[in-house]
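Asker: Take these sequences, add in the hints, and give me the full structure.
Here the protein sequences line up with chains A and B, keeping their order. As numbered in this note's numbering, residues 1 to 407 make up the first sequence, in order. As numbered in this note's numbering, residues 1001 to 1607 make up the second sequence, in order.
Think of the hints as simulated: they come from the structure by calculation, not from any bench. It is possible that part of the hints are untrue.
Simulated DEER-style distance windows between Cβ atoms [to be verified]:
1) B:Lys-1006 / A:Tyr-62: 23 to 29 Å
2) B:Asp-1032 / A:Ala-132: 48 to 54 Å
3) B:Phe-1082 / A:Leu-365: 42 to 48 Å
4) B:Lys-1006 / A:Ala-132: 25 to 31 Å
5) B:His-1081 / A:Leu-171: 45 to 51 Å
6) B:Phe-1082 / A:Ile-63: 54 to 60 Å
Example chain B residues on the side facing chain A (calculated, C-beta under 10 Å, incomplete) [to be verified]:
7) Lys-1006
8) Val-1008
9) Val-1016
10) Phe-1018
11) Ile-1019
12) Gln-1028
13) Ile-1029
14) Tyr-1034
15) Ile-1109
16) Leu-1230
We put the beta carbon where it would ideally sit given N, CA and C, even for glycine.
Listed below, chain by chain, are the residues.
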Amino acid sequence: MIYGAMVLWGWLNIYSATYDETQSIFDLSLNSGRQMMFIITSSILILAILIIDMRFYETFAYIIYGVVLFLLLLVPFIGKEVGGNRAWLGFGSFGVQPSEFAKFATALVVAKFIGTIGFRMDNIRNQVILFALIGAPIMLILLQKDYGTAMVFMVFLLVFYREGMSPFLLLVGLGVAVIFILTLLVENNWILFGMIGAAWGITMYMNRRKKIKRLAIITAGALVLAFTITSVEFIFSNLLEEHHQKRVMVLINPELDQLGAGYHVYQSKVAIGSGGIIGKGFLKGTQTKLKFVPEQYTDFIFCTIGEEQGWIGSLLMIALFMGLLLRVVFLAERQKNRFARVYGYSVACIFFFHFATNIAMTIGLFPVIGIPLPFFSYGGSSLWSFTILLFILLKLDAHRMHVLQRL
Amino acid sequence: MNEGRKEVLQLVFLLVGFIFLVKLFFIQIVEDSYKEMAGVNAIRKEPQYPIRGIIKDRNGKLIVYNNPEFDLMVILHEVKHFDSTRFCQVFEKTPQELRDLFNNFRTEIRNRKANQFQPFPFLRQLSTQDLAKVQDHMDEFPGFFIQDRTTRAYASKAVANAIGYVSEISKNKLEKDKSGFYRQGDYIGQSGIEAYYEEYLRGKRGVKHLMRNKDGVIKGSYEGGKYDTLSVPGQDLVSTIDLTLQEYGAFLLNGKAGSIIAIEPSTGEILAMVSGPSYDPNLLTGKNYSKNFALISNDSLKPLFNRPLMAQYRPGSIFKIAQAMVALQEGVITPETRIRCDRSIINCHGPHSNEDLRGAITNSCNPYFHNVLRRMLNKGKGGNPFDDTRIGLAEWDKHIMSFGFGKRLGIDLPNEKRGLVPSPEYYDRAYGGRPWKFSNIYSIAIGEGENMVVPLQMANFAATVANKGYYFTPHLIKSIGSTGMPLPQYLEKHYTTIDSANFRIARDAMERVVEAGTAQYRAKLKDIVVCGKTGTVQNEPNPDHSVFIAFAPKENPKIAISVYVEYSGQGGRAAASIASLMIEKYLLGGTQRPNIEEYVLKGKFLH
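Answerer: Structure (structure tokens):
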């Protein structure tokens, strides 16, 4: 149900974003018309997914994963370039992005691996394999310079966490991100060193009765953070490309460059901000319709909602997503086998990551990265990919009793 | 071992959703700047400039009308890939000129008079020809667009000072403007009728809301023009001026300094008001305004100085008419009172010795009026000569001021001067508290001394005598818009303190002045009875000013006139000639005395 509402709403918004009085929503030359095609094909996909025996997904997880990796490998060589990224494989007039399908493939394979009988998360070897499983697509997608999609795979860390991985890695990761931003914000690095030192001291004191091993880990964490500070400058100016640097700087200081790097975020905020409480009404958004917001039917589709449906519309949309996420978690939790549960969490986390980063970037809480909003953004690959993700879970859920019987 | 982790994840999800809602709440509901920005972004408010009212003369001839002109506007925010070389080429500017334009713009931004999101008039007042040249290239300069409006054009040069001119509102005025009507770059009447009737002439600006995309391409009107307003054109004015007469006056006064004012006595309508020297009002329109304005305002002849209302002169002998009226009203003389022409205190001219009032006016006898003023000021009401004079002067002032002297008449033009009728307080100040009496101030008896009048007051005085005791405030506009009426204050009769019967003497005497007196040679007309009075205002060491007031015909007067020609000797020469020619022109359509016209145009009055 949520799925249906979202897809339909998204479709209407794409129509609105590209609306031009003379054309109908069904016109195939328009994005809304094509999105309708995608929706129809998605429905066919759904049917296919539901028809295929559920064991297929578990059994062929590695094969699907392999095929997608192979496609990813092909992309840099035979792919076509769209919007600066070489992420597309052309089939006739339509292109697909293998990186989109890598998500569900990876989710399947991770679930399969964790679902293996005798799997233990605290086994170092298992952890290494897991990281390799998500690392492979990340590396391949980075080759396409599609940093946004690559980041999606980081969200599997949340899944691992759910399945027993120590939260320590997450915390360190979070810490590194926070420190990174802080280093850019705070001029004097010694203040940060001092803060880390103090935090380290306090933690050491609180854990003074614990094993040497834990104390060592804490110390290592603090050192990593301290190292981050010193390397920020280097990473920032040497590893990141110039437009990424600017996007990060703009996040820190939005007024910096309204016509240049900050243009996306600024115009996006203007569009959303001008919506007010109830918005300007369907098809009446001036900012999105008149193309002030770039990419207003793909990554910045939320602007259309914000502008035309206002805060109420945003509230409704966020509520829909919350409902979807919690429902997926609920579905995951009620699975009887581990494969299905892990897969469910993967789906939830992937949706969550997309939703969170996409909205955050449109309202200026996160640097601009090309991440579509599930079911709303225009694009065949992403719609299909999210559809597949979701409906495989539904298929698994429908047969959770069979699993029991089989055991 | 993984208990509680499900809840942690769910909490994280909900927390993020909540953070988004809060942030959105601030962006969408609390913060207003985004909404404003959206308006600036997508909606271009295009002002619809009203057409300024036009001005016609009393016979329907056009005096002022409008010409289309075009401004090149720029919205800096939208300027992209600006090609300065190309710009210079298309707009025929040198790189230095372009740099100056940008510097000017930058200064305006720094002074917060402009910003990068609002249209700024970059190049002003392109002509239709300019527009034709640049129109096709406008798409090469995103952020620039053409805005059309109108500029003033003057059909006649002769009315320059009365009409005034229009120019862009100054920063000073813009800051003082409380009505909120004006924006930078708006035009406003700066002097004359253009300034006085500004609120009628200007009309009301409209606004069109246009939607445009990020490249500035107009995508149609916003919400079907729901918020658009049409501009309301300004009201047309009908002037009291007779353009033919006005132009003839300017023709006669050409090359001389002075003024001519002709009034229709029965209404106070000004038929002609010429100030010399003057300027070509068309120099003060269009893009050369600032250059020309500097030229004109720095001219040593002061062409912008509107002499009819601003030049204060001593009235000279014409004042004797008023003197006579007041004396009759006060009862200190009768028309038959004869006074010996005793030239021991004030000199006189011409062969006469013991005239009655009529004779004294006709011969402009100075000792007669010296004596008359003494009778008025020293009536024995005060205990000593000082107090006596003070009381007498206060009474005299009241009468003189009822003719409109010593105060602003209230013509429909700015910058009118009031002249001066000396009051007791005035002399107190002038004498620094030392006592004064009649023998100190007697010069005012013959219109010399401290008396000051502007030419308009003299013409109004002639009209008052023509009307036998009342006047309508002189005015230049007889109809505003479709009302057919002037401003209400111009419909009001102002009575003097003098009984209408007493004016009979003045009118007879003035008739004699033209018939057989000081004006007989140059102001007498064959078919029209002209009543007039000459004045020769002393102006040591320079030549005297030549003054003449008149009205005609004697019965049911159609025109009252005052002429003041600076440095031109006796009133009977230059001023009387011009005044009589004007009367002929107005009543007969042209002069029957080409020799007089030639005499005036030659302009050698002193020999």
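Asker: Per the CB criterion, is B:Ile-1019 less than 10 Å away from chain A?
Answerer: Where the cut-off is 10 Å and the nearest Cβ of chain A is about 8 Å from B:Ile-1019, the hint holds.
Asker: Could you check if B:Ile-1029 really has its C-beta closer than 10 Å to a C-beta on chain A?
Answerer: Check passed: Cβ of B:Ile-1029 comes within 6 Å of chain A, closer than 10 Å.
Asker: Against chain A, is B:Val-1016 within 10 Å by beta-carbon distance?
Answerer: Status holds, d = 5 Å.
Asker: 42 to 48 Å was suggested as the range; check whether the CB atoms of B:Phe-1082 and A:Leu-365 agree with it.
Answerer: violated (35 Å)
Asker: Does the Cβ pair B:Asp-1032, A:Ala-132 satisfy 48 to 54 Å?
Answerer: holds (52 Å)
Asker: Quick check: does the Cβ-Cβ distance between B:Phe-1082 and A:Ile-63 fall within 54 to 60 Å?
Answerer: With Cβ atoms ~58 Å apart, the hint holds.
Asker: Does the Cβ pair B:Lys-1006, A:Ala-132 satisfy 25 to 31 Å?
Answerer: For A:Ala-132 against B:Lys-1006, whose Cβ atoms are near 26 Å apart, the range 25 to 31 Å holds.
Asker: Tell me if the interface restraint on B:Val-1008 is satisfied: Cβ within less than 10 Å of some Cβ in chain A.
Answerer: holds (8 Å)
Asker: Using the C-beta atoms of B:Lys-1006 and A:Tyr-62, is the stated range 23 to 29 Å upheld?
Answerer: holds (27 Å)
Asker: Are B:Lys-1006 and chain A close enough, Cβ to Cβ, to be under 10 Å, as the hint says?
Answerer: holds (6 Å)
Asker: B:His-1081 and A:Leu-171, beta-carbon distance inside 45 to 51 Å?
Answerer: holds (49 Å)
Asker: If you take the shortest Cβ to Cβ gap from B:Leu-1230 to chain A, is it below 10 Å?
Answerer: violated (23 Å)
Violated hints, listed in ascending order, are 3, 15 and 16; each of the other numbered hints is respected by the structure.
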